[in-house]
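Chemist: Taking the hints into account, I'd like the entire structure generated from these sequences.
Just so we're on the same page, our numbering is the position in the sequence shown counted from 1, plus 135.
Simulated from the structure, these hints should not be mistaken for lab results. Beta carbons: idealized from backbone N, C-alpha and C, even for Gly. Wrong hints could be hidden among the right ones.
Said to hold, decoys possible - Straight-line Cα separation of at most 27 Å, BS3-like style, residue types lysine-lysine; simulated pairs: (1) Lys229 to Lys265; (2) Lys282 to Lys229; (3) Lys229 to Lys212; (4) Lys303 to Lys265; (5) Lys229 to Lys172; (6) Lys269 to Lys303; (7) Lys282 to Lys269; (8) Lys303 to Lys205; (9) Lys305 to Lys282; (10) Lys305 to Lys179; (11) Lys247 to Lys282; (12) Lys212 to Lys265; (13) Lys305 to Lys172; (14) Lys303 to Lys229; (15) Lys212 to Lys179; (16) Lys265 to Lys305; (17) Lys303 to Lys212; (18) Lys229 to Lys247; (19) Lys172 to Lys198; (20) Lys247 to Lys263; (21) Lys247 to Lys205; (22) Lys229 to Lys198; (23) Lys212 to Lys305; (24) Lys205 to Lys172; (25) Lys263 to Lys229; (26) Lys269 to Lys305; (27) Lys198 to Lys282; (28) Lys198 to Lys212; (29) Lys198 to Lys303; (30) Lys282 to Lys212; (31) Lys305 to Lys263; (32) Lys172 to Lys212; (33) Lys265 to Lys282; (34) Lys303 to Lys172; (35) Lys179 to Lys205; (36) Lys303 to Lys247.
Said to hold, decoys possible - Each pair of labels, with its calculated beta carbon distance range: (37) Gly266 to Gly163: 15 to 23 Å; (38) Glu150 to Thr192: 16 to 24 Å; (39) Asp161 to Asp287: 28 to 36 Å; (40) Glu189 to Leu164: 30 to 38 Å.
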Amino acid sequence: MVNIGILNIQGDVSEHAEMARQALEDLGLQGNVIYVKSLFDLEKINGLIIPGGESTTISRLLKTTGLFEKIRERALKGDLGIMGTCAGTIVISKETGDPRVLPMGIIDIEIKRNAYGRQYSSFQVMLKIKGLDKPFPAVFIRAPIIKNVSNDVEIMATYGDDIVFVKKGKIFALTFHPELTNDNRIHRMFIERVGGISSGKE
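Modeler: As structure tokens, then:
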């Protein structure tokens, strides 16, 4: 049983939930998708997706609900998989690039916010991702980029010279939005890692 939580604070919550449901079904796994708003919800899950949105708001609400410390504690123990997308990646990073956003420090990366500026505030590219045979349709919306990756963090994808997807164990950090496509391969990759399932390339 693999239970995947979607942090229900901001962002494309329902889109992530639908992708996770499809991924569980495609993998032939039993599990549930749970909307997480409380510590009680957090206890039920093996993996947590932190959607995009406004990182300052997400960070503040995680603190006020008590979720911040518990998510961090479980993730650092290896007891909880995390997939952050866009603002979710900012929140779980070691250096957020914004003094208003308290870093969870779950993955040792530094963030440069809104890296592509207004002119490129929203765009889609076919992205080559390690572990996937075919390119992935990556949607970037006011996206940050990942900098100063520690040696134990694996770079999964770059766009030009910019790092846009990394992982360490069960911790995934993406600067794009996989939920805004019809392609659930990244959600499947995350669920496989959370569930301890090995697979070949997709």
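Chemist: Determine for every hint whether it applies to the structure shown.
Modeler: We went through each hint and held it up to the structure:
no.	hint	result
1	Lys229 to Lys265	holds (23 Å)
2	Lys282 to Lys229	holds (11 Å)
3	Lys229 to Lys212	holds (16 Å)
4	Lys303 to Lys265	holds (13 Å)
5	Lys229 to Lys172	holds (23 Å)
6	Lys269 to Lys303	holds (22 Å)
7	Lys282 to Lys269	holds (25 Å)
8	Lys303 to Lys205	holds (19 Å)
9	Lys305 to Lys282	holds (20 Å)
10	Lys305 to Lys179	holds (17 Å)
11	Lys247 to Lys282	holds (7 Å)
12	Lys212 to Lys265	holds (25 Å)
13	Lys305 to Lys172	holds (21 Å)
14	Lys303 to Lys229	holds (13 Å)
15	Lys212 to Lys179	holds (16 Å)
16	Lys265 to Lys305	holds (15 Å)
17	Lys303 to Lys212	holds (13 Å)
18	Lys229 to Lys247	holds (12 Å)
19	Lys172 to Lys198	holds (12 Å)
20	Lys247 to Lys263	holds (21 Å)
21	Lys247 to Lys205	holds (26 Å)
22	Lys229 to Lys198	holds (16 Å)
23	Lys212 to Lys305	holds (11 Å)
24	Lys205 to Lys172	holds (12 Å)
25	Lys263 to Lys229	holds (26 Å)
26	Lys269 to Lys305	holds (22 Å)
27	Lys198 to Lys282	holds (25 Å)
28	Lys198 to Lys212	holds (19 Å)
29	Lys198 to Lys303	holds (24 Å)
30	Lys282 to Lys212	holds (24 Å)
31	Lys305 to Lys263	holds (20 Å)
32	Lys172 to Lys212	holds (21 Å)
33	Lys265 to Lys282	holds (18 Å)
34	Lys303 to Lys172	holds (25 Å)
35	Lys179 to Lys205	holds (13 Å)
36	Lys303 to Lys247	holds (19 Å)
37	Gly266 to Gly163: 15 to 23 Å	holds (19 Å)
38	Glu150 to Thr192: 16 to 24 Å	holds (18 Å)
39	Asp161 to Asp287: 28 to 36 Å	holds (30 Å)
40	Glu189 to Leu164: 30 to 38 Å	holds (32 Å)
When the structure is compared with the earlier hints, no violation turns up for any of them.
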